[in-house]
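> Next come the chains, spelled out residue by residue.
Protein chains: 4
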Amino acid sequence: MIETIEKIETQIPSLGPAKIDSPILKKRPNVDRHFVEEDERVLVNINEPYIGRMVKEGTPLLSFELAGPRQKIYFDPVKLKCGIVTCGGLCPGINDVIRALVMELYHVYGVRNIYGFKYGLQGFIPKYGHELVELVPEKVASIHELGGTILGTSRGHQDVGEIVDTLDRLNIGLLFMIGGDGTLRAAAKIADEIMKRRLKCSVIAIPKTIDNDIFLVEKTFGFATAVEKATESIRAAHTEAVAAFNGIGLVKLMGRCSGFIAAFATLGLREVNFCLIPEVDFDLEGPQGLFEALRQRLERRRHAVIVVAEGAGQKYFANQDLGVDPSGNPRLGDIGRFLAEEIKKYFASIKMPITLKYIDPSYIIRSLPANADDHIYCGFLAQNAVHAGMAGKTAMLVSRWHNTYVHIPIKAAVQKRKTINPNSGLWFSVLETTGQPSLKNG
Amino acid sequence: MIETIEKIETQIPSLGPAKIDSPILKKRPNVDRHFVEEDERVLVNINEPYIGRMVKEGTPLLSFELAGPRQKIYFDPVKLKCGIVTCGGLCPGINDVIRALVMELYHVYGVRNIYGFKYGLQGFIPKYGHELVELVPEKVASIHELGGTILGTSRGHQDVGEIVDTLDRLNIGLLFMIGGDGTLRAAAKIADEIMKRRLKCSVIAIPKTIDNDIFLVEKTFGFATAVEKATESIRAAHTEAVAAFNGIGLVKLMGRCSGFIAAFATLGLREVNFCLIPEVDFDLEGPQGLFEALRQRLERRRHAVIVVAEGAGQKYFANQDLGVDPSGNPRLGDIGRFLAEEIKKYFASIKMPITLKYIDPSYIIRSLPANADDHIYCGFLAQNAVHAGMAGKTAMLVSRWHNTYVHIPIKAAVQKRKTINPNSGLWFSVLETTGQPSLKNG
Amino acid sequence: MIETIEKIETQIPSLGPAKIDSPILKKRPNVDRHFVEEDERVLVNINEPYIGRMVKEGTPLLSFELAGPRQKIYFDPVKLKCGIVTCGGLCPGINDVIRALVMELYHVYGVRNIYGFKYGLQGFIPKYGHELVELVPEKVASIHELGGTILGTSRGHQDVGEIVDTLDRLNIGLLFMIGGDGTLRAAAKIADEIMKRRLKCSVIAIPKTIDNDIFLVEKTFGFATAVEKATESIRAAHTEAVAAFNGIGLVKLMGRCSGFIAAFATLGLREVNFCLIPEVDFDLEGPQGLFEALRQRLERRRHAVIVVAEGAGQKYFANQDLGVDPSGNPRLGDIGRFLAEEIKKYFASIKMPITLKYIDPSYIIRSLPANADDHIYCGFLAQNAVHAGMAGKTAMLVSRWHNTYVHIPIKAAVQKRKTINPNSGLWFSVLETTGQPSLKNG
Amino acid sequence: MIETIEKIETQIPSLGPAKIDSPILKKRPNVDRHFVEEDERVLVNINEPYIGRMVKEGTPLLSFELAGPRQKIYFDPVKLKCGIVTCGGLCPGINDVIRALVMELYHVYGVRNIYGFKYGLQGFIPKYGHELVELVPEKVASIHELGGTILGTSRGHQDVGEIVDTLDRLNIGLLFMIGGDGTLRAAAKIADEIMKRRLKCSVIAIPKTIDNDIFLVEKTFGFATAVEKATESIRAAHTEAVAAFNGIGLVKLMGRCSGFIAAFATLGLREVNFCLIPEVDFDLEGPQGLFEALRQRLERRRHAVIVVAEGAGQKYFANQDLGVDPSGNPRLGDIGRFLAEEIKKYFASIKMPITLKYIDPSYIIRSLPANADDHIYCGFLAQNAVHAGMAGKTAMLVSRWHNTYVHIPIKAAVQKRKTINPNSGLWFSVLETTGQPSLKNG
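Residue numbers (this note's numbering), protein chains in the order written: chain A, 148 to 589; chain B, 148 to 589; chain C, 148 to 589; chain D, 148 to 589.
Honestly, I wouldn't trust all of these hints.
One copy or two, it doesn't matter: identical chains are merged, so the pair holds either way.
As the list claims (entries may be wrong) - Below, simulated PhoX-like cross-link-like pairs (lysine-lysine); rule was C-alpha separation at most 25 angstroms, straight line:
hint: 1; residue 1: K203; residue 2: K154
hint: 2; residue 1: K286; residue 2: K226
hint: 3; residue 1: K347; residue 2: K587
hint: 4; residue 1: K587; residue 2: K491
hint: 5; residue 1: K173; residue 2: K587
hint: 6; residue 1: K587; residue 2: K174
hint: 7; residue 1: K492; residue 2: K203
hint: 8; residue 1: K558; residue 2: K343
hint: 9; residue 1: K219; residue 2: K274
hint: 10; residue 1: K347; residue 2: K226
hint: 11; residue 1: K274; residue 2: K498
hint: 12; residue 1: K274; residue 2: K491
Read the hints as simulated data drawn from the structure, not as lab findings.
Chain A with its partners taken away, still in its complex shape (with noise of 0.2 angstroms):
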């Protein structure tokens, strides 16, 4: 990872100088220790020995700004509107990043005119005629042990000039932008827009994905959620199969184009006999392929667990034009079902009788409320995006790096999908769980 992350940016862009003292200042008088200073910055790196030839050569070490209050501000809370959108699919803890805005910029702030889009980036568009919401402490109190998202959502792109119009004939000061890789990308346009019409107008995106699939953020918020219901659809699965003679689980998780849902969940219920991934190549036909592994391990133990993650074995579908997604996205092949019928085929064609039995939990992970875990970590990353939005940061997200809450440039983020290095220690991690062959001939 270390060559790509060498030459990323790590400046935040700013919309000028923050000249106000923070209200936390008077609030509580001997605070003033929580403050975090400009020159503070972590790591972005943080191993021996490249730390150390980069010392001797002299290279200067890269490092992402401290997240945190500042002590001068750039907005005014009396005068400053705010505006949140959520984007994109649902996932445990939206509703957390909402509430913990809102509370921070109510309460700790003195912000007092809180608005939220609806429906997405539909929400600025005049012609859905989605309404504006009003965002007040009493709104928002009990949403956290809610699922989904308050506002709505949809997907898909909209115009960033009409959006940039609409900010500016609101006069918003500040926007929260919740969403993933392309709400990203366009949190990114909307800035350049603000940008060339010279707006005051501040984007803070708190990064969204259930995939975990974001780069430069080391977990996304609701992924633990998401880990943590996935392994009921693996013990179903296990259940299931034990119960049957040459029984067979298959469990479908999300992960288009990272694999972390299904290697997380294999190893948070420890199960699973084959993890398959986007990120690992596996052939189905051969000697060291699939099938054949699965029969071995029926032969042996009479049952086997599968988890495969949406975004694996798409070389199967190659040859199939499936279309775009409303979000842009190629249209995945169901890798599940054809799994779950070739595996019966093939089992079928060598006369061994199996019972196959299919779980795709789906919606179920994604719309739940956040557990505990979740709920503190939404809580820290809205209560930083405030931080660094009153402070005038712009074009910027939350990110949580070595444990440590950082500003990130949006267009880093975005340069490249985070994914599972099959090199690295999870996944050799997840092979030792498993106990699976390579699962690749030849």
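Chain A is already provided as a structure; the job is to place chains B, C and D on it using the hints.
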């Protein structure tokens, strides 16, 4: 319901007179008041004015034998060998039943030879080569915490003659069969064959079906757990529906012939707007059809939740030959995916944008461990099954009727399926809760 | 139980003739088969040979009025004002009852004026100054997801005259009272006073007690949820006990006069070795006492789990004057802490090292939202309470009896507490499960 | 924190050179890229400008050894005998650690002799007579579903000489000790004694403390599960508080020296108004004290929730000699019951009626099975502990630091307790969330 029930058989066959003192007598000397007398029974119908009419006419009142420990038993515990088999699909609580059978036989009656047959009826058939499992308290002490069945299961018929050969060869005196409609029919045939061969072997069934569709059984075990879990999918569907503009959440639940899970889950989480069950016909098209009702609901509230039992709307597959499953039941058309596609087509045709999320929790629901309610229920069923079997009763199942445990002749229970009466208070409550119209044209 | 029940009153008082067509008639034209006729009733005792004896003697069979919608109602929904009040301790499902009352009154009967009285009976008394809460569907739509009561509650008596003054002043025609034994007694007095003043006001109670100890009520709402949660504490106690050498896990559960929670939780997680309830006396010392039985158990298995209901063993506090609580009930001695101390002292005295862990889950159990089973049950109770009230019934409570919803005169239900019969199958099952001896000397 | 950490020892002692090829090499031929080189390390401090200053000064940067599999190992798996012991109080995940140790030793390294010592350090001492438990994969396959420890545990010291005698007699080469601060100190002494006797025995600790208070360990296993469960009690307290007029919910949580559970649970369910921890002093009386702040809160909102860590407010017991517990820690005053009584007295004194509900979830929290997050974490800790031990490292513990697994010398970790820094962002977040004032007079 009264009409049918008037004519049912309520007398339980017996292997012969029970002459042995129950070991409970010695164990708990002051416990005699717990014993059930042979003339204790529970009325089948308990409603006025029906009862008054019968009394007036001098028609005898139908009643079921009361379950519970008898002072005299038929089998000598020291010599007795017992068998347990679990058949058909999984259901929460099977392991509870196995555990309680073993504990009751072992600790209360002092039976020392208890065997589990593996993988359902296959376990009796030599050619499959499944080993017999010796069941002792230590082996089953913690299995109630696990879903599934430790004995394994299978679907489909096996030769009754071969089954009885095995019972005879192994000298099994008391066989407990845990299974659904098919298993009950098999149990009746096995008992007949035993009778014919004049073997001293009792067959006691504990009815198991997640669909809760067994006649003369108030509620089957595992049903409460299944309903509780099913509400999770409804919550997910509701969360997804609310989060999208014109969002539709569609959940398919189990229920081949009876919509009990769909109906109770609808009452268990009151966010459902349309509940579709096999017992109540519905149209898709036309002014009263589902599509139009759904359209109106979306116009009014911008989201909708639909729950459909897997056996509902089978008229839409009338012209397709779908074959039969391994249990010999006709395969059902996949009403869930069908509805998802048809609803999308309909709204595309009227150019109304919607977002539909389809959830099929399938095996997640039935592979769970029992909840506390089902733990308790399974314990009572199994304890009463043992009391009945030890007393020499046979060809019967244990049931709960008017909240009391009773003995039911298997042949009476397999006459027909239990279904939801569309004129009952139950279905009326569902209608009150969903607010759904009749969904039938003209 | 038969003896007492033979003599109870089963006739429900009424405000007067029901002459108005039920709005259900218009709303669901083909629904008339759902209506309950006035002569429909459910037998109180349903067991043979009791029934046969009565019939032979010509003694009329006692029966309760069947609950459900009536074709004719007493109140004009357009003019009716309804009140709801929740009293006493929390219990899972109170918000479900409130929600279903409001939904049924509003959507099914078209009642538009529904008010909540705050903080129990205090809500009727002007000096407390609690505001009245207007209840509409939007306000209660999601409250079933929350524990507690949105109306607040309080313990203790208030002046009946003042309460009726308030009902009169506000012109309340239909009052729903959700509460336990004390509340039922208050409801009876309020109904009497209303009668005396010849007001047109009906009082319908929905019995609430987490102890499940109300006479003539098969099961109170919230009880199933409480039992389920209580098993968690037993699991914790068992885990702690097993992890220590001579480990003892001791759990105190609710149950002032009746040990239902303790008994059902014991059946719900079969790891309990001693279950102590108010209905069954036990000794600590002596050859048959708890200490010696516990010592033997530890010698044999090295761990033990004890469940004690809060009202058990009160003879050990006989010489202490503990006063009364705000509801006027005598304060109980803390049997949990007492046992913990006495057990430690005993084993110290015989120099046997033990590790005792004491768990008192207290309010964790009663402040939960209802589980699916209780959601469903609360819905039925409330719907039937509304049907009864609209039909002009009064001074009654809704109950489930032999698994059927019925009307019970409040005065019949408050005659005595429901307790566990030590000679019942229930208690026998507990003994079979724990394997505990009599715990009584001589 | 920087000051202390600058001076800590970071070098890991070793039994001798690792010369044997790791079995991983043969098993997964293309896996060599997973191996950790001996010079791979992780910086202790990763913050600018501290790093820049050190580099400028030429001060070497402190770093911890990176955990993970080594290409060369010290022990011959065929001959090696391993021991596992679990000490101190329960904590979610202990069984996960045991399971993963056994699985990793057995399946990855091929070790065949693994023994569990029963009931903590007592297991090494002959006079207790506890048997040794042979640990094989089948025995531990499902234990991660259970709370507690299958090996049992105990508190208190045992003679180090006797412990090492036992290790020597049994020829244990690799001892894994799972325990808290006391166990770590014992482990250091055992390792010293082993060194002195020149035995070939490595001691690897896996730090366990539900309080999350071990220095140089970012987060201890089980903590996330405990926090999640603790939020349940907060929800109960909030529900009870809201349901009463001037309702107060008071929850006591674990945390002897450190308030991490209290603080994180407060962030995990944002309904807490006062969070009291050992690290931050507070007054009860006076204009800034808790009583007055509580009174104001009640006047404003009519309910309040207080969370108190068990070690908070110990100044109120300063004049009492409470003795020490079996582990030798001073017994704490029961701040929960003390606060409950004092708050009641205070409000009685000002004649303001309140309702206070006190909840002490105690062992319910620590006896749970791990949640998915802790399952995963325990797996990584144990796998890395095995890698370290096989490589001949000793007198160390496995830890996570900056989200990376590292080796820490035990002696460095026991220097001090980890506590909450009242000037940290963590505590500031708690204050922002509760809105509580300083609670200190003058």
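> Run every hint past the structure and note whether it holds.
Right, here's what the structure says about each hint:
1. K203 with K154: For K203 and K154, both the intra-copy (19 angstroms) and inter-copy (23 angstroms) Cα distances are at most 25 angstroms.
2. K286 with K226: within (21 angstroms within a copy, 33 angstroms between copies)
3. K347 with K587: neither (55 angstroms within a copy, 42 angstroms between copies)
4. K587 with K491: within (20 angstroms within a copy, 40 angstroms between copies)
5. K173 with K587: between (64 angstroms within a copy, 18 angstroms between copies)
6. K587 with K174: Between copies, since 15 angstroms is at most 25 angstroms while 62 angstroms is not.
7. K492 with K203: neither (60 angstroms within a copy, 66 angstroms between copies)
8. K558 with K343: within (17 angstroms within a copy, 58 angstroms between copies)
9. K219 with K274: Neither, since 39 angstroms and 51 angstroms both go past 25 angstroms.
10. K347 with K226: Within one copy only: 12 angstroms inside, 57 angstroms across.
11. K274 with K498: Between copies only: 16 angstroms across chains, 60 angstroms inside a chain, cut-off 25 angstroms.
12. K274 with K491: between (50 angstroms within a copy, 23 angstroms between copies)
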